[in-house]
Structure formats: C-alpha cells, structure tokens
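So the protein lines, in turn, are chains A and B.
Converting from the first sequence to the working numbering requires adding 27 to each position, the first position being numbered 1.
Just so you know, the working numbering puts 88 at position 103 of the second sequence, and the rest follows in order with no gaps.
The reader is advised that the hints may include incorrect statements.
[As the list claims (entries may be wrong)] Per the computed footprint, the stretches of chain A lying under chain B, defined by three or more beta-carbons under 8 Å from a beta-carbon of chain B, are:
1. 36 to 43
2. 89 to 102
3. 114 to 126
4. 165 to 173
[What the hints assert, rightly or not] Simulated restraints, written as ranges between beta carbons of each label pair:
5. B:87 / A:167: 14 to 24 Å
6. A:67 / B:91: 31 to 41 Å
7. B:39 / A:150: 43 to 53 Å
In short, the hints are calculated from the structure, not lab data.
Remember, it's a predicted structure, so these values are computed and weren't measured experimentally.
C-beta atoms are modelled at their ideal positions from N, C-alpha and C, and glycine is treated no differently.
Chain by chain, the residues run as shown.
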Amino acid sequence: MNRALEKRWLGPLLVLALACFLGYARARNQRTQFVRATTGLSNAERSALESVPKLAVANAIWALGSEAAVRKMLRSELDRLPEAEGPARARTFVRFGIIDDNPDGQAAVFFQACVCDPSLCERPSLIAATEREIRARLVEPGRHLPLYLTSGHPPPP
Amino acid sequence: MHSFSWVARYAAAALVGYLLGALALPALAPLPSASSSTPLSRVGFVLREQPLAPSASWSALSADLQSVRSLLGSPEREAFDLVVAVRGLRNAGHTDWALAEQICRGLAWPRCEREPLSQLKALGRP
C-alpha cells in the first residue's frame, strides 16, 4: 500500500518541488534587477546615484513650481550641496539669479555662481548656462534672461 | 484513461509548484540585501536610466520609493510624488497623468495641464 502511494505521489511531489524552485528563482531574479544593477558600485558612483532623487525633485520644482516653492527649494539645495560640488552649487545660484528681480541681487548671486564654478566667470558661458536653466523652467517667473545679463550691470566689488 | 490521470497529476504538480515559487515565496521572503545597494541608489538608478524591467522589479521598487519618500519633507515629498507619477515608477514605467495632475494641483503650482507635465517628463533624466 505504502509503496503504491509512494509510486503514485513521489514523482508529482518532486515535480512540484522542482517547479517551485524554478518559479522562485525566476521571480527572485526579476525582483532583484534593480538591486543587481546597483550592487558593486564604487562609493563615488553610489553617492552620485543617491543624489539623483533629490536632484529630480529640485528639477521638477524648478520646471513647474511656484516662485515660493522654487526659493524654498534653492535654499534647501544650497544647504544640502557640499562646497565640493561646485558646478551643482553654481547651477543653484544661477537659478536664484534668474528668479531674483533685483539687478543688485542678481549680480551678487551670479558672482557666487562664478566662485563655485570658475567656468561661469566668463560672461558668454554664464549667459549660456543661464539660458539652459531658462529653457528648463516652464512657468513664470524665470523664463527671461535677467536684467543683469542683458544690460551689462557692473560686477560686484 | 489511466495515463491521462498520470499526466494530469504531474501537470498539476508543476503548475502549483511554479505558482507557489513565483508568487507566494517572493511575497514572504524579503529582498536580499546587497551592501552597496540602497533604496536611494536604486531609485536614483531607475530615475537616471529609465530601464526596461519586468513587473516584478517595479513591484519590488515600491518599498524603495516609500523609503526615499520618508526622507523628504513637504513640499519636496509631494514634488517627489509628482516625479514618481510622471516617470511612472509605480506603474511599470508608464506615466500616470491623472495622478500627476492631481498632485500638481495639490501643490498649487501655476500650470498643471498635460502639456507642461509632458514637457517635465521630456526635460530629461537628472
């Protein structure tokens, strides 16, 4: 009787276990695709990836946010970004310069952008960087070149 | 008739086993931890690469999204929700326009129609 039962159920049980293992292995492989893609990265690569979500949020606020939301985001970005991330801080200052409606204020923040990223100290490259940010801004204010860059306001002392 | 029942028994065992392994076990077992992979880096990877992935990968990402969301204060949290909706991170990479518009209106931003949201999506990866 036992032998008959074994003969009848052992095979299907083995098939069940094997299929269970195959199903689990396949599902696990699919579930871990993003884990595998981000495993074994260097510290710098991981750090760069980890900054992407906050950068995406900052870019979304810059693209569509109200002026108040943009100002808050820019202050928070300047708090978050270390001095070592000069180009990213410079971009934040450029964005500040774009939404600032006072030419003196614009001069001060564009000067800060130049300090953070010396490649922006030349006027044409500063204008090019500003125009890039203006293209990424989809709502007013901030869709026009600031007065400081159009009128040739003297640089701050 | 006897051989039919024999085949049916094996086929049923294979089917049940596969479903058990593919659906039940992964739901009970946590994702394996990898030392250098973090929720922030996985969400960053998906935002930057916009990869093609099976639905199981997207499902597993939802815990990471929740984890990243919990790190943010308002209104960055809501802006993150907007990015997630526009990039379709909770929807296997497909944009949820209705949700995006709803979140945008909740933020009281100046323009929340489909066109600026599409432009936001097209602006490029961070």
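Status of each hint after checking the structure:
1. 36 to 43: Coverage by chain B holds here, the residue count being 5 at a Cβ distance below 8 Å.
2. 89 to 102: Our answer is that it holds, as 7 residues pass the Cβ test (under 8 Å) against chain B, meeting three.
3. 114 to 126: violated (count 0)
4. 165 to 173: holds (count 3)
5. B:87 / A:167: 14 to 24 Å: Holds - the Cβ-Cβ distance for residue 87 (chain B) and residue 167 (chain A), about 23 Å, lies within 14 to 24 Å.
6. A:67 / B:91: 31 to 41 Å: Taking Cβ atoms as reference, residue 67 (chain A) and residue 91 (chain B) lie about 39 Å apart, which means the hint holds.
7. B:39 / A:150: 43 to 53 Å: Taking Cβ atoms as reference, residue 39 (chain B) and residue 150 (chain A) lie about 51 Å apart, which means the hint holds.
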